Amino acid sequence: GENVEQHPSTLSVQEGDSAVIKCTYSDSASNYFPWYKQELGKRPQLIIDIRSNVGEKKDQRIAVTLNKTAKHFSLHITETQPEDSAVYFCAADNTGGFKTIFGAGTRLFVKA
Amino acid sequence: DAMVIQNPRYQVTQFGKPVTLSCSQTLNHNVMYWYQQKSSQAPKLLFHYYDKDFNNEADTPDNFQSRRPNTSFCFLDIRSPGLGDAAMYLCATSRGGGTSGETQYFGPGTRLLVL
Chain A
69 GENVEQHPST LSVQEGDSAV IKCTYSDSAS NYFPWYKQEL GKRPQLIIDI
119 RSNVGEKKDQ RIAVTLNKTA KHFSLHITET QPEDSAVYFC AADNTGGFKT
169 IFGAGTRLFV KA
Chain B
2 DAMVIQNPRY QVTQFGKPVT LSCSQTLNHN VMYWYQQKSS QAPKLLFHYY
52 DKDFNNEADT PDNFQSRRPN TSFCFLDIRS PGLGDAAMYL CATSRGGGTS
102 GETQYFGPGT RLLVL
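These protein sequences, in sequence, are chains A and B.
One gets the working numbering by counting positions in the first sequence from 1 and adding 68 to each.
One gets the working numbering by counting positions in the second sequence from 1 and adding 1 to each.
Keep in mind the hints are simulated off the structure, nothing from the lab.
Because the structure is a prediction, the values reported are computed rather than measured.
Each hint should be verified, as a subset may be incorrect.
In silico DMTMM-like pairs for lysine to aspartate or glutamate, Cα to Cα no more than 25 Å straight-line [to be verified]: (1) B:K39 with A:D152; (2) A:K126 with A:E73; (3) B:K39 with A:D85; (4) B:K45 with B:E58; (5) B:K45 with A:E73; (6) A:K110 with B:D78; (7) A:K126 with A:D85; (8) B:K45 with A:D95; (9) A:K126 with A:E83; (10) B:K18 with B:D60; (11) A:K136 with A:E83; (12) A:K136 with A:E107; (13) B:K39 with A:D127; (14) B:K45 with A:E147; (15) A:K179 with A:E147; (16) A:K110 with A:D95; (17) B:K39 with B:D86; (18) B:K39 with A:E151; (19) A:K139 with A:E83; (20) B:K18 with B:D63; (21) B:K39 with A:E70; (22) A:K136 with A:D95; (23) A:K110 with B:D86; (24) B:K45 with A:E70; (25) B:K45 with A:D127; (26) A:K136 with A:E151; (27) B:K18 with B:D52; (28) A:K90 with A:E151; (29) B:K45 with A:E107; (30) A:K139 with A:E124; (31) A:K179 with A:D127; (32) B:K53 with B:D78; (33) A:K126 with A:E147; (34) A:K126 with A:E107.
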């Protein structure tokens, strides 16, 4: 089955710096890669997603890149702010069904 | 505006006492999911419904059951809660338009405490 690995598990950056979180997946047939942000005690919320027919997608300070050959994708947050502090989960769809396979999560701390 | 609603938000039960968590959605989505999440770990899928078709994960204990009486509602029944079942339980939905790779919309979760 699909496996998604996520690194780092914890990331601490200074306000204004960039943050990068990397994920790899195992199923070459996966074609949908969402990123969820989860603040403490709250629900996971989709912040950006990418499909396999594009290599990069950007939404204001957030961007995601996808390398299908290498089977890895990354989240880039520029000009980080304290409110970006949260746990971020990458995920990949499990082909043949409606399941989403989550990475283990990255706890991001943005220091003011 | 709430799209995926979970009740209650907090549930306290006793060891071994059955408990039911509920989820409802206003999105008219075909797929509904139940996840268990412990202390900032990734959500762990317990099962999902595509319409009335139930799909159990291989490692979901028999202690966990689910019902989906109609499109809008889905229930998680824990028949004999143990201390290890204390967690956040998240309900999610997706459109289920016939292809894989869809955004899931999560409810706020129910935090279960087992005494």
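Outcome of the hint check:
{"no.": "1", "hint": "B:K39 with A:D152", "verdict": "22 Å, holds"}
{"no.": "2", "hint": "A:K126 with A:E73", "verdict": "22 Å, holds"}
{"no.": "3", "hint": "B:K39 with A:D85", "verdict": "30 Å, violated"}
{"no.": "4", "hint": "B:K45 with B:E58", "verdict": "10 Å, holds"}
{"no.": "5", "hint": "B:K45 with A:E73", "verdict": "15 Å, holds"}
{"no.": "6", "hint": "A:K110 with B:D78", "verdict": "22 Å, holds"}
{"no.": "7", "hint": "A:K126 with A:D85", "verdict": "17 Å, holds"}
{"no.": "8", "hint": "B:K45 with A:D95", "verdict": "19 Å, holds"}
{"no.": "9", "hint": "A:K126 with A:E83", "verdict": "20 Å, holds"}
{"no.": "10", "hint": "B:K18 with B:D60", "verdict": "22 Å, holds"}
{"no.": "11", "hint": "A:K136 with A:E83", "verdict": "31 Å, violated"}
{"no.": "12", "hint": "A:K136 with A:E107", "verdict": "29 Å, violated"}
{"no.": "13", "hint": "B:K39 with A:D127", "verdict": "30 Å, violated"}
{"no.": "14", "hint": "B:K45 with A:E147", "verdict": "32 Å, violated"}
{"no.": "15", "hint": "A:K179 with A:E147", "verdict": "12 Å, holds"}
{"no.": "16", "hint": "A:K110 with A:D95", "verdict": "30 Å, violated"}
{"no.": "17", "hint": "B:K39 with B:D86", "verdict": "9 Å, holds"}
{"no.": "18", "hint": "B:K39 with A:E151", "verdict": "23 Å, holds"}
{"no.": "19", "hint": "A:K139 with A:E83", "verdict": "30 Å, violated"}
{"no.": "20", "hint": "B:K18 with B:D63", "verdict": "15 Å, holds"}
{"no.": "21", "hint": "B:K39 with A:E70", "verdict": "21 Å, holds"}
{"no.": "22", "hint": "A:K136 with A:D95", "verdict": "10 Å, holds"}
{"no.": "23", "hint": "A:K110 with B:D86", "verdict": "19 Å, holds"}
{"no.": "24", "hint": "B:K45 with A:E70", "verdict": "14 Å, holds"}
{"no.": "25", "hint": "B:K45 with A:D127", "verdict": "28 Å, violated"}
{"no.": "26", "hint": "A:K136 with A:E151", "verdict": "31 Å, violated"}
{"no.": "27", "hint": "B:K18 with B:D52", "verdict": "29 Å, violated"}
{"no.": "28", "hint": "A:K90 with A:E151", "verdict": "20 Å, holds"}
{"no.": "29", "hint": "B:K45 with A:E107", "verdict": "17 Å, holds"}
{"no.": "30", "hint": "A:K139 with A:E124", "verdict": "14 Å, holds"}
{"no.": "31", "hint": "A:K179 with A:D127", "verdict": "23 Å, holds"}
{"no.": "32", "hint": "B:K53 with B:D78", "verdict": "17 Å, holds"}
{"no.": "33", "hint": "A:K126 with A:E147", "verdict": "14 Å, holds"}
{"no.": "34", "hint": "A:K126 with A:E107", "verdict": "21 Å, holds"}
In summary, the structure is inconsistent with hints 3, 11, 12, 13, 14, 16, 19, 25, 26, 27 from the numbered list given earlier, while agreeing with the others.
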